[in-house]
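Residue numbering for the sequence shown is 693 to 805, as defined by our numbering.
Each hint should be verified, as a subset may be incorrect.
20 Å max Cα-Cα, derived EDC-like pairs, lysine to aspartate or glutamate [said to hold, decoys possible]:
no., residue 1, residue 2
1, K733, E749
2, K775, D764
3, K711, E722
4, K727, E716
5, K724, E713
6, K759, E749
7, K695, E705
8, K724, D735
9, K711, D699
10, K737, E749
These are calculated hints, taken from the structure and not from any lab test.
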Amino acid sequence: IEKRLEDKINAAENNFHLKLEKVESSLQAEIKAVKTELDNKIDTKFNELDNKINNVENNLNVKIDTKFTELDNKIDTNTIELKSTLRLHNWMFGTLITLNIGIFLALISLLVK
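Input sequences plus hints: build the corresponding full structure.
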């Protein structure tokens with residue numbers, strides 16, 4: 693009887709160990725699957741963030757380029773306006789000098805007589 697009880701206890705113990713090993717390997721497989729799933733989700737989120745950052749950077753670069761182009765155009769317009777204004781002032785200054793010289797020469801010719 694002792695032998696049979698011991699055999700039954702050993703069989704139950706072996707059965708328990710087998711079931712425990714199955715549960716352990718099942719849990720390990722489940723943990724690995726969850727870890728892989730989490731890694732994939734993290735990678736996906738990082739890729740999404742990288743894409744969003746790249747989009748924002750590209751949008752900012754486009755806006756900056758647009759503003760630089762607008763500023764260049766405004767500078768060119770102001771330069772052209774300044775050049776034309778300076779030409780007008782030079783012409784007016786030249787005319788005034790010519791008139792003054794003419795008046796001066798006329799006065800000198802009146803005084804010399």
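Taking the hints in turn, this is what the structure says about them:
1. K733 to E749: Judged against 20 Å, a Cα distance of about 24 Å means the pair is violated.
2. K775 to D764: Distance ~16 Å between K775 and D764 Cα, so the pair holds.
3. K711 to E722: Holds, at roughly 16 Å.
4. K727 to E716: Holds - the C-alpha atoms of E716 and K727 are around 16 Å apart, at most 20 Å.
5. K724 to E713: holds (16 Å)
6. K759 to E749: This hinted pair holds, its Cα atoms lying about 15 Å apart.
7. K695 to E705: holds (15 Å)
8. K724 to D735: This hinted pair holds, its Cα atoms lying about 16 Å apart.
9. K711 to D699: holds (18 Å)
10. K737 to E749: Between K737 and E749 the Cα gap is close to 18 Å, so the pair holds against 20 Å.
Hint 1 alone, counting from the list given before, is not met by this structure.
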